[in-house]
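K.L.:
Here the protein sequences come in this chain order: A and B. Using numbering that gives the first Met the number 0, the final residue of the first sequence is 588, and nothing's skipped along the way. Using numbering that gives the first Met the number 0, the final residue of the second sequence is 184, and nothing's skipped along the way.
Since the hints were derived computationally from the structure, they do not count as laboratory data. If you're wondering where the values come from, they're calculated on a predicted model, not measured in any experiment. Note that CB positions come from ideal geometry on N, CA and C, so glycine has one too.
Cross-link-like lysine to any residue pairs, in silico, SDA-like; alpha carbons within 20 Å at most:
id	chain 1	residue 1	chain 2	residue 2
1	A	Lys-130	B	Ala-25
2	B	Lys-74	A	Gly-184
3	B	Lys-164	B	Val-90
4	A	Lys-307	B	His-11
5	A	Lys-294	A	Ala-583
6	A	Lys-307	B	Val-69
7	B	Lys-20	A	Ser-131
8	A	Lys-307	B	Leu-65
9	B	Lys-74	A	Arg-181
10	B	Lys-74	A	Asp-301
11	A	Lys-130	A	Val-118
12	A	Lys-307	B	Gln-67
13	B	Lys-20	A	Gly-121
14	B	Lys-74	A	Val-118
15	A	Lys-307	B	Lys-74
16	A	Lys-130	B	Ala-21
17	A	Lys-548	A	Tyr-486
18	A	Lys-307	B	Tyr-36
19	B	Lys-74	A	Ala-303
20	A	Lys-130	A	Leu-175
21	B	Lys-74	A	Met-88
22	B	Lys-74	A	Gly-121
23	B	Lys-74	A	Ala-185
24	B	Lys-164	B	Val-47
25	B	Lys-20	A	Ile-105
26	B	Lys-20	A	Gly-117
27	A	Lys-307	B	Asp-73
28	B	Lys-74	A	Leu-175
29	A	Lys-130	B	Asn-19
30	A	Lys-528	A	Glu-436
31	A	Lys-370	A	Tyr-402
32	A	Lys-307	B	Asn-37
33	A	Lys-370	A	Gln-401
34	B	Lys-20	A	Asp-114
Taking CB as the label site, the calculated pair distances span:
id	chain 1	residue 1	chain 2	residue 2	range
35	A	Gly-336	B	Ile-38	48 to 56 Å
36	A	Arg-342	B	Arg-34	37 to 45 Å
37	A	Phe-485	B	Ala-28	36 to 44 Å
38	A	Gln-453	B	Leu-65	46 to 54 Å
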Amino acid sequence: MQLTGAQALIKSLEMEGVEVMFGLPGGAILPVYDPILSSSIRHVLVRHEQGAGHMAEGYALATGRPGVAMVTSGPGATNIVTPLSNAYMDSTPLVVISGQVPTAAIGTDAFQECDITGVTMGITKHNWLVKSAQDIPEVVASAFHLATTGRPGPVLVDVPKDVSFAQMEWYWPDHLDLAGYRLPGAPRRADVEAAVALMAAAERPVVYAGGGILKARAAEALRALADLTGFPVVTTLMARGAFPDSHPQCLGMPGMHGNFTAVTAMQRADLLVALGARFDDRVTGRVDAFAPGAKVVHVDVDAAELHKVRRADVAIAGDCKVVIDALLQAAAPALGGPDAAARIGPWWEELRRWQREVPLHYERHDGPPIKPQMVVETLRDLSPSDTIVASGVGQHQMWASQYWRFDHPYTWVNSGGAGTMGFAVPAAIGAKVGRPERTVWAIDGDGCFQMTAQELVTASAERIPVKVAILNNAYLGMVRQWQEMFYGERYSEVYLSPDLPDYVKWAEAMGAVGLRAESPEEVAPAIEKANAVEDRPVVIDFRTDAFEKVFPMVPAGASNDDIVVHPEHEERAGAERLAWERLAAEQRR
Amino acid sequence: MSANGTPVERHHILTVLVENKAGVLARVAGLFSRRGYNIFSLAVAPTVDDRFSRITVVVDVESAPLEQVVNQLDKLVNVVTISELAPAEAVERELLLATVAASPAARSEVIELVGVFGGEVLDVGADRLTVMLAGPPDKLDGFEGLLAAYEVVELQRTGRVALPKIGVRALTRPQLVAVDEPAAG
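Chain B extracted, bound-state conformation (with noise of 0.2 Å):
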């Protein structure tokens, strides 16, 4: 189960490589907005080759037929290659920020918490204070879980980022069009 305790199977991975060009993510949102595919989570960040930008995207397959997403996507020029990631074909990482108001009686069950957890504790103030876990979206789901016991001030995960496990799927290279490529028209 996911944190809004739908279906995980409802949600597909993708890792679409992007040209890092002005108004790329306008085109991707654009799409997916006017197609009306609705999109779970996002996020966007230059890869090694800074020709391009990595967009993972958790997608709710209800909306739309993966099929048709993926096709969809495929066919924005400045999409240049899409990689639907199965979970056990990916390793995945998200982050979690979270503002807690805790008393200091509450405070070191907190922080014992987010030890048990593998988590930081990045700033405390009198009365509250501020936590960070990154992991696996099932493990932030725990984590979230068992905070809301306290009273949790402001919550903020980032969304899933992915990547293929090694050994499994190689990205195809992009290629140059030849202008002199006989017109379809």
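One chain only, chain A, in its complex shape (with noise of 0.2 Å):
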């Protein structure tokens, strides 16, 4: 069977699977639009090409599946390089098709020409610039083989026009010639029995979970293992949701932004069983502080992460879900038990009274503004359990974070390693078109929303009924607390307005709902309007406090010993922290 490039592409995206892609077309990927017309892939237009690539992020990390991407070349190629950037950092299976400059005209500065498969090349796992229409099958099959596989991430196929334009004879790929690619295979029973040896000696242990749980699928392995072992799990902000937030042996998140228990229970641990986390600046601080009496035990499916940051006593290179159930079967008869609940009961006093001593806390009271914390403890309390949560980045996102109960895996849509503001918009539109039957709510910020909101008029052309919920404290939050704390109170270019743009208005004219709370009792009401709102997107302005700050925090550079609670808890923390300390003093002598 002949077909053009173009008809091959769009053919080997079906025969993957791909229901859905995000995309803006121009020149050099014109003629792989006309096939769109006739194939069974729903294509969603967006409004900047930054939108395709988060919506297929948010579509992907909402249902495990790789999400695809499509852009023209030259600037509609470069608008992607922030979301691949941010997939590459959060290992999220993208797939992304940009046009390319004829294969004469490469090389020349065309119009619109820009290597980008060069630019891409520190961002993507791997990227292909197609020379040869014949090849399509085989590097789209490729692409989404390494796209899925191993630790997840982003790929780029690159397709020059002539390429798309050019004739090939159609096969399917029953092979991949991937020389250089290897997966890890089962664990080595000694490096299982070394960890299991390390975790039934341990009194102090903490189970470190992070994002690798997700992208294994080991959501319920991890529960398992924590059942069986009765120990404390911390689930960093990559992993919210993986171990259920109401589950009794949950601690929460650690961090520079985690609450004090989590991030005091890894500080003290003998033992960190650290599953698909890669010991990020922001979980340890400074790193030569960082749980200083603790063994580690580190599973990872990427080699390069094991003895990266932290020396690992027991690195196993693995799949998360295979890893835990071979520990699962090695560990049952010396975990389990009576013996082992004694041996860790004395800790569990310990983070119990911490979680007593020092919870969450910001103070609560009637009158405007409204407190940033209540509109998400309000959304939580007002909306389905397994309601999908996306959010930008910032401040908000802490408070997301910190005050949602995440009881589900693949609720949370995030941007956790860039960083990158503006992504719960259109993130949240790409999951809501993967689970179409749940909630979703972006909780956002002023600073975020303004970036990327024009993508509403997305999902109102689309009827993509996502809920979005701006914390507008009119300022770029988190950036105006570090001014606060660590430059004097200087406030340098943070400054928004409350009122620029006109959020109800600006929504309305995107197709939108646009509702406003300014008093915490407008809070409750507005959300059950937004939530009954079913056939278009909402979005409410919450006038929320401009002076809150996001607490704990561990201060950027300091060892997590030094996290700063909130004022009115720093007595207790400081008690806390003596206690442990004379406690210390005593083992020693």
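Dock chain to chain to rebuild the complex, using the hints, since each chain is given by itself in its own frame.
P.N.:
Structure (structure tokens):
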């Protein structure tokens, strides 16, 4: 069967089971847009290519399937560089197809030419410049294989216009020529036994669960491991939902804005069982002061993460689900039972006291302005428990992670490693496309919202009813917080405005419902009104307290021991610190 | 000691078998640059199997642990195998070209020196000559040191290439990946 390269490209996407892609056409990709008209694949026409990339990421994070985006050459391709970088940092499976100028024009500075494979080399798992139409099925199959296996990640396929027009003989590859691509196999028995031995001896263990749990679809296996061992579990920003917040062993989020118990548990642990986590600087704080007394078991599908930041005592390169299953098998006799429970009993007493004495805290009050944390709590309480929450980057993201109750995997869609402002709106749209039966809320900041809000036009046009809660504090809030705390309250270029733009009018202009809540008693009614809207997007402009800061906070570059909690709890946190030091001193004697 | 006087232990030789495809050298070089790994020398050429090229790279392990360098390199899809070659287990060679300004009086001394080291005189002019020496890097270091007594106009070394000694280690064969392998995502 003879096909054009363009037809072969779309047919290859169909062969990969793609049901939806996000994109925006232009000159070099024009030939590929023609066969879309007769394809089963739904195409969502975005208003900016960055939106296409983040939508594809949101789709992937909510469904576990690879997200697909299509853009033209030059500026179309460079506009999707940020999503590629974002997906690379968060190991999100993403396949981007870009148009390229005709082969003969490459290297001549042709109109809308850009060396996008060169630009994206460092932020993709791999990329291809397709030189012949005959290669298209093999390249597309390789692209999906690389994006979804091992440590998932973004890939880019750059297709020159003449290659799209050229004829090829259709085939579908049964083998891929990926000579240099290997996936880790089953863990070695000796490593598994060494890990179990450390776990069986630990008196102050912490399971440090990262995003790799979700990528490996290992949430159930993690639950089984936690139930067997009775170990406390912290879930990183990338792992929120991988272990239910309502589980009594869940300590919540560690790191720079983690809660006191999660952060301190890691600091005082004698064993960290790191599963699909990478000792990111936002988790460790100052590395040489991080978890000083802990032995480390480190499981990661990417061998390059082992020993990268922290030397592991037992390092296992492998898929989290496969390795946890192996641990469960090997561990059952050694780890369960009353002896094990007794061994970590005193540790749990410490942890429970920290939870009781130094919980997450903010000052509640009745009048305006609204406390942003209160918006998150009310949203949480008035929405179904399997609601998907997307967020941008900054204070609102931390409050969302801290105050939402994540009880289901794949319900938290956020930008972790890259910290991409403007992620929430398009990512929420992509998540809603992938999970139309779920309620999808974007919890956004006013700064973030202004970066990508135009995609609500896409959502209205395509009837994708996402909901957006803007925590409008009229500032680039996280930057403002740093300027207040570390730059002597010298506020440089952080003030936005609560009223400019008028978010309600803007929402309405984009075909969405626009609502506003200015005082605490207006919060719940606005949310209820928004939750009742099912046929179009909704935006609520919550006027929140501009002076509210995210606590706890570990200052950048500081040790996690120097965690700053809410001022009202500083004394209690100090007392816990002293009590621990006294205990440690006694033990040394 | 190597040419610039740094201890040899800082430098480890990796021979990296890569797919012979466009842009592979850029991928390897880009990885070293973005992760802050220092390359001491680098040599690339096709192997007998024209699907593959071999990159011989001498890495400065003070910039990053060798294990990290190897693991990160291994993630590049076009990198097929990586072997670390300990000097005792490898044969290494490097080529040096030098143009030396030499008066007729000094010329015979330079030619004699080249002869002692087993090098060759490649080009002779009125007041300068170009010489060549191939050999193990430490031999070139010695030659370069003695040559410094004369006025060296230009000197170029290729960086080393290396192969494992016969019987020490067989490189693993590249594999095909079955497309129906279950996806982890």
